[in-house]
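Throw the hints in and build the complete structure from the sequences for me.
As given, the protein sequences belong to chains A, B and C, one line each in that order. Everything in the first sequence is counted per our numbering, starting at 1 for the first residue and increasing by one. Everything in the second sequence is counted per our numbering, starting at 335 for the first residue and increasing by one. Everything in the third sequence is counted per our numbering, starting at 611 for the first residue and increasing by one.
Because the hints were derived from the structure by calculation, they are not lab data. Glycine residues also receive a C-beta, built at the ideal position from the N, C-alpha and C atoms.
Quick look at which bits of chain C chain A covers, simulated, 3 or more residues with Cβ under 8 Å: (1) 652-660; (2) 725-737; (3) 794-806.
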Amino acid sequence: MVSQWRDALNNVKSVPRAHPTADAAASEPAGLDFARSRRDSLRRKFVERSVHAVLFLCALISVLTTTGIVITLLGETIQFFGEVPIVDFLTGTRWTPLFASKSFGVLPLVNGTIVVALVAIVVAVPIGLLTAIFLSEFAPARLRSMVKPVLEVLAGIPTVVYGYFALQFVTPILRDIFPQTQIFNVASAGIVMGFMILPMMASISEDALRAVPRDLREGAFALGATRFEVVSRVVVPGALSGILAAVILSISRAIGETMIVAIAAGLQPQMGFDLLRSMETMTAYIVQVSLGDTPQGGIEFRTIFAVGTLLFVMTLVMNLLSDLLVRRYREAYE
Amino acid sequence: MINLRIDAQPADAVATPSENGQTDAILMTRSLNFWYGSAYVLENVNCDVRPREVTAIIGPSGCGKSTFLRCFNRMNELIPTARLEGSVVFRNRDIYDRAVDPVEVRRQVGMVFQKPNPFPKSIYENVAYGPRVNGYKGDMDEIVETSLKRAALWDEVKDDLKKSGLALSGGQQQRLCIARALAVQPDVLLMDEPCSALDPIATTRIEDLIRELREQLTIIIVTHNMQQAARISDRTAFFTVAESGAGVLVEVNDTQKLFTTPTDPRTEAYITGRFG
Amino acid sequence: MSAQADAVPAANVWRPSQARRRWSGWLFYGLAVVSTLMGLVMLGALLFDIFTDGVREVDWHFLSNYPSRIADNAGLRSALLGSLWMLAFTAIIAFPLGVGAAIYLEEYAPDNWLTRFIQLNIANLAGVPSIVYGLLGLGLFVRWLELGRVVLAGSMTMALLILPLIIVASREAIRAVPDSLREGSYALGATRWQMVRQTVLPSAAGGILTGTILALARAIGETAPLITIGALTYVAFDPNGPLDIFTVLPIQIFNWVSLPQKEFHSLAAGGIVVLLVVLLTANSLAVYLRYRMQRRLQ
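This is the structure we're talking about:
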C-alpha cells in the first residue's frame with residue numbers, strides 16, 4: 001500500500017545522520033554574543049514604550065488642533081455675544097462695526113459669501129461634472145492620464161494668483177460686455193473661483209462615476225442604449241450621492257476661499273444679488289480687519305472671531321454632510 | 335494591536351520532564367486551540383517536536399498547518415483578531431506566558447516564508463539585519479559570510495554582496511532568506527512551504543540545504559508535497575480538518591513509520607491518495 | 611448592410627428615433643469635450659496673462675531689492691527671505707509630526723473609538739478654511755504664547771494647516787509597503803519600532819517625501835492665514851531668524867495687487883511669475899521622486 005513512498009524514504013536513510021547526542025551539542029556553533037542582559041531587555045522595552053507614546057502624541061495633535069480652533073474661536077465669540085445679542089448678529093442686515101455708528105448684523109457678509117459661492121458653483125458644477133463624465137466614460141486611458149495632471153495644476157495654483165487673474169483679466173472683459181460693472185464685483189471673483197474648485201469637483205465626481213459597477217453599464221449597453229443614454233440614465237443616477245457630495249464640498253470650499261474675494265470682490269458689505277456690484281464676504285472681512293489698524297481686544301476686533309466661528313460651523317456641517325454621502329455610495333458599491 | 339488573549343497555564347504544569355531530568359522535546363504544544371475572529375482554526379493540538387530533527391507538517395489545505403507553524407514564534411498575534419488558548423512550551427518555558435517577550439521568542443525561533451521576502455536592501459544588509467536589530471556588536475563581515483555559507487549561497491554571491499537582494503533569482507532569494515534567518519543563530523527554524531514558489535532545481539537545492547542544516551538546528555517545515563516530507567523529514571505530523579471545521583493533529587510519528595504503517599485510517603487514506 | 615436593413619420592415623419604424631438618439635449623443639459628447647477643454651483653456655489664459663504681464667519685471671534687481679513706494683525700485687528680497695524662513699520652520703515642525711502620526715495610525719493604532727476619532731479629526735481638519743487656521747494661530751501662537759507676529763508663529767500655523775496633507779500622503783506610502791517585509795522583519799526578532807524604522811520607513815520614504823514636498827508647496831502659496839496672524843505687508847529689512855517679523859511672497863503680491871497704480875500690478879505679475887516658478891520646481895521634484903520610487907519598487 002505504501003510502496004510509492006519507498007524511494008523517497010530510502011533517500012532519507014542514505015543521508016548520513018549524526019543523532020543528537022551530547023557531542024553534537026558541544027560542536028554546536030557558539031551562540032552569538034548578543035547583548036541579552038536583563039538591563040538591555042528593559043532598555044529595549046523602554047525605547048519601545050517611549051516611541052509608542054511619542055507617535056501617539058503626534059497623532060493626537062490633530063485632536064488638539066480641533067480643540068484649539070474651537071476654544072480660540074468660542075472664547076472670543078462668547079465675549080462678543082456678551083456685548084452684541086446673538087439674535088441681532090444673526091438677523092441684522094447692517095454690518096458697520098468699523099464705523100462710528102456700529103451695527104453688527106452679519107447677514108450682508110453671509111449674503112456676499114453665498115452669492116459668490118453660487119456663482120462659483122454655477123461655473124464649477126456643470127463644467128466639472130461634464131469633465132468628469134468625459135474622463136471616466138469617453139476619454140481613452142492615455143488622454144485621461146494626460147488631462148488629469150494638467151487639471152490638477154489648476155488646483156495647485158495659489159489663490160492670490162487667481163485673485164490677480166480675476167481683477168486684471170476677467171473684470172476688464174466683463175466691463176467691456178457690461179459697462180456698468182464695478183471694478184470690484186462678485187461675478188469675476190465667482191467665475192474665477194469656479195475654475196479654482198473645478199478640479200476638486202471633477203475629481204470627486206469622477207471617483208463616484210467610476211465606482212458605478214461595470215455590469216450595470218454593460219446591462220444597459222446590452223439593451224441597445226447609446227453611450228449618452230447609459231451615462232444619463234444609469235451612470236449619473238448611480239453616482240448621484242457621490243456627485244452631491246462633490247457639490248457640497250465645492251460649496252464649502254467656495255465659502256472658505258479668501259484671497260480671490262479679498263482682491264476682486266471688494267469690501268462693501270451689502271445685501272442683494274447684483275453680480276456686477278461689489279460685495280464683501282465673511283472671509284474678506286476677516287482679511288480687512290487683520291490688515292487694518294483695528295486695535296486688538298476691542299469689540300471691533302472680536303467681530304472677526306464671531307464671523308470666523310460662523311464660517312467654521314458652516315463649512316464643518318457641509319464637510320460632515322459630504323463625508324456622509326461619500327460613505328453611502330461606497331457602501332452601496334463596495 | 336496585539337489583543338491576543340492568552341489563556342496559558344504555568345509551563346511547569348504541562349512540561350513533563352523525562353526520567354533523566356530533561357524533556358526530550360524542544361518544543362511542545364498542549365491543548366492548543368486557535369481562532370481567527372469567530373473562525374475555529376486549530377482544535378486541541380498536542381504535539382512534541384524533538385531537537386535536531388526535521389519535522390514535516392502535512393495535511394490537506396485549510397487544515398491549519400501554517401497557523402500551527404506560526405504559533406511557535408508568536409507570528410499569529412500580528413493579526414488583530416487572533417486568539418489562542420493552551421500552551422506552547424519551548425525549552426520548558428511557555429512562550430505565551432505573560433512575562434515572555436515575543437521578540438525574544440522570534441530571535442530563537444526563526445522563520446522562512448512561503449514566498450521569498452528579501453528586504454529591498456543589499457545582500458549584505460539582508461543578512462546583517464537580524465544581528466543588528468538584536469544588538470550584535472561583533473564582526474559583522476564574519477557573521478554574514480558564515481551565514482551565507484551555511485545557506486549554500488556564499489559562492490554565488492561573494493563577489494557582489496552590495497547587489498540588491500531583489501536582483502537574485504527566486505531560489506537564491508529563498509536561500510538568502512534562510513541565511514538571514516540563520517544569522518541570528520536560532521535554535522529552531524520554521525519553514526512555511528519554502529519551495530512552493532520555486533522551480534524543481536531550486537527546490538532540490540533547498541532540500542539539500544535542509545538536510546545539512548538539521549545537524550545544527552531543529553527544523554519544522556510545512557509542506558503540501560508529501561514526497562518532499564518523505565524525502566527530507568525525520569518525523570511527520572499529519573493534520574486534517576475535523577468536523578468542527580478546525581484543524582486537528584491526527585498523528586505524529588517517525589516519517590518512515592507514518593508513511594509505511596500509519597496508525598490512523600485517515601492518515602492512510604491521505605498518503606495513499608484516497609483523500610485530500 | 612443597408613440592403614439587409616431595408617429587407618427588415620421593423621427597422622424602418624425605429625429609424626427616426628435612432629437619428630435623434632445619435633444626434634443627442636453627439637451633442638452630449640461635444641459638451642463633455644468642450645467642458646474639459648474649458649478648464650485647460652482657462653489655465654492657459656491665466657498663465658499667458660500672467661507671463662505677458664510679469665515676465666519682464668523679473669530680473670536680479672527685482673529679486674534683490676526691498677519693496678518700495680517707487681515701483682521702479684521695488685523688489686521681492688524681504689518677501690523671498692521671509693518665505694524661506696517660514697517654509698524651513700514649517701517643514702521642521704510639520705514633517706516629524708505628520709510622519710509620526712501616520713506611523714502611529716498605520717502601524718500602532720488599535721481599532722478603537724479613539725483611533726476613529728483621531729481619523730475623523732484629520733479628515734475634517736483637511737476641510738477647514740485656511741483663514742480659520744489663521745484665527746487659531748492669532749489666538750494661540752501670537753497672543754496666548756505671546757510670540758508676536760513673527761516667523762515662528764507663521765510656521766506653526768502653517769504646520770498645522772498642512773499636517774493633514776502630510777499625514778494622508780504618508781499613510782498611503784506606508785500602506786503600500788508589503789506585509790511580507792513586516793513579517794520578515796518580525797521573524798528575525800525585530801521589535802515593532804525596529805521593524806518600522808529599518809523596513810517600513812526606508813521603503814515608504816519616496817512616497818512620504820513626495821507628499822511632504824507637495825504639502826510644503828501648498829504652504830508657499832497660502833496667504834490668508836498669514837495675513838490673519840499679522841504678517842506684515844511692508845518689510846524693508848531681512849528677517850534673520852524665527853523670532854523676526856516678516857512678510858512672504860504671496861502677501862507681497864497681494865499688497866501690490868491692492869494698490870491702485872498700474873506699475874504695481876506689473877510688479878504683482880512679476881511676483882506671481884517667481885512664485886509659480888518656485889512651485890513648479892517643487893512639483894517637478896515631487897514628480898521626479900515619485901518616478902524614482904516607482905522604479906525602485908520594480
